[in-house]
Amino acid sequence: MKHRTTAGLAAVALASIALTGCASGDDTADGGAAASNGNVCEVTPAAEPSPAPSPSDADVEAVEAIEVSGPVGKEPKVSFKTPLEVSAPTFRVVDEGTGEELKEKDQVTIDYVVIAGKDGSQAASTWKTKEPETFELGDAQYDLLNDKLIGQKVGTRLLMASTAMDQSIQVTMVEVAKVEAPKESPTRAEGTEVEPKEGLPAVELADDGQPTVTIPEGYEKPTDLVVQPLIEGDGAEVTKEQTVTVQYAGCLLDGTSFDSSWSRGTPMSIPLSQVIPGWTNGLAGQKVGSQVLLVVPAAEAYGEKSEENTHELAGQDLVFVVDILEAKAA
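Letter by letter, the sequence shown follows residues -25 to -1, 1 to 305 of mature numbering (1 follows the signal peptide of the UniProt record, and there is no 0).
There may be inaccurate statements among the hints.
To be verified - In silico lysine-lysine, DSSO-like type, Cα no more than 30 Å apart, as pairs:
#, residue 1, residue 2
1, Lys105, Lys78
2, Lys172, Lys78
3, Lys80, Lys123
4, Lys52, Lys158
5, Lys93, Lys52
6, Lys303, Lys78
7, Lys158, Lys128
8, Lys103, Lys52
9, Lys52, Lys105
10, Lys172, Lys262
11, Lys153, Lys105
12, Lys215, Lys158
13, Lys78, Lys123
14, Lys93, Lys123
15, Lys262, Lys196
16, Lys158, Lys123
17, Lys128, Lys196
18, Lys123, Lys56
19, Lys56, Lys103
20, Lys49, Lys78
21, Lys215, Lys80
22, Lys196, Lys215
Keep in mind the hints are simulated off the structure, nothing from the lab.
Take these sequences, add in the hints, and give me the full structure.
As C-alpha cells, this is what we get:
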C-alpha cells in the first residue's frame, strides 16, 4: 500500500477505508479524551466489508483468455484483447507454487505487475522498482487476495481482474515470492514519554494504545511539516530506505477520521519510499518504538486539488499519530 497514504497492491485489491465522523464542539470522546472546545478524532472499528459480487460467466471467460508468459521469478508478459471488462473481481491461478504453504498470519512477500484493462499499458511493476510488497496474510486491506492465497504455496502466480479505486479495470498478476512464519512483535509504541509543544493537536491513548486526537479550536493550517515525538523508543533510527511496520491513525483538521490501522486490527508494513512525503520526511530519523505526531500540509500529503489531481484527500492538511513498531531493509 503506497501511502499516498494507502496504495500499493492494497489499493489495487480494493481495500475500502470509510470516512468516520468524529465529535466536535464540547463533547467528550470515549477512550479517555478530555472535554475540549476543539474537534475530536476518535478511531472507531471498521464496518464489516460487504461480500464481493460473484463474477459472471463472461468475466470468467475474459480472464481465462488472458495470456501470461515467462518463467516464475521473472516479470511476466501479460497480454489480452482490449478493452477488457469485468463486472466483479475475477481470479485465475496461472501457476501453482511448489514451495512452503501459505497460512493466515504469515508474512507474505509478493511481486506483481498491474496492467490497464482499457489499453493494455503497464501501470505498475514491483519487478521494475525492485520493491516487492510484504503483508500479513489476513490483513483486511488485502481482502480480495487473502482467501485466494491462503492454502497456496510459494511460487503461486495469481491473476486478478478488478475495478480500481478510480473505477478503471485493472489486471494484476501476483506472484508469491516468499513467506515467513508470524513472529511476536510489539503492537504499540513503548518508551519514554515526550512533552509536546503547546498548541499542537492533543493525543490521548486508550489502555491498548489506540489514540484519540483532539484538534484545538482555532488551530491554524500548517505551512510546514510538523514532527512531534510523543514517545521516544530505544530502537535504531529509521532511514528513508527501510520498510516500516506501524500502527497509525489519520484525521483531517475538522476531526474526521479517514484511515486507521487500529480500526482494521493489524499494523501495516510499507517501504518509506512508497509513502507521502510527510511520512518519509517525518518518520526518517525517528527511533523504532517511538510514537510520532505528524501534522502534514497538503503539499507533503496528496498535493493540491486540481483537474489532474482528483484524489479524495487532495488539498487536505492531515494529522497522523504513528507508532513505529519495526524497521528493516526494504
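Check your understanding: Of the numbered hints stated previously, which ones are contradicted by the structure, given in increasing order?
Key -> 2, 4, 17
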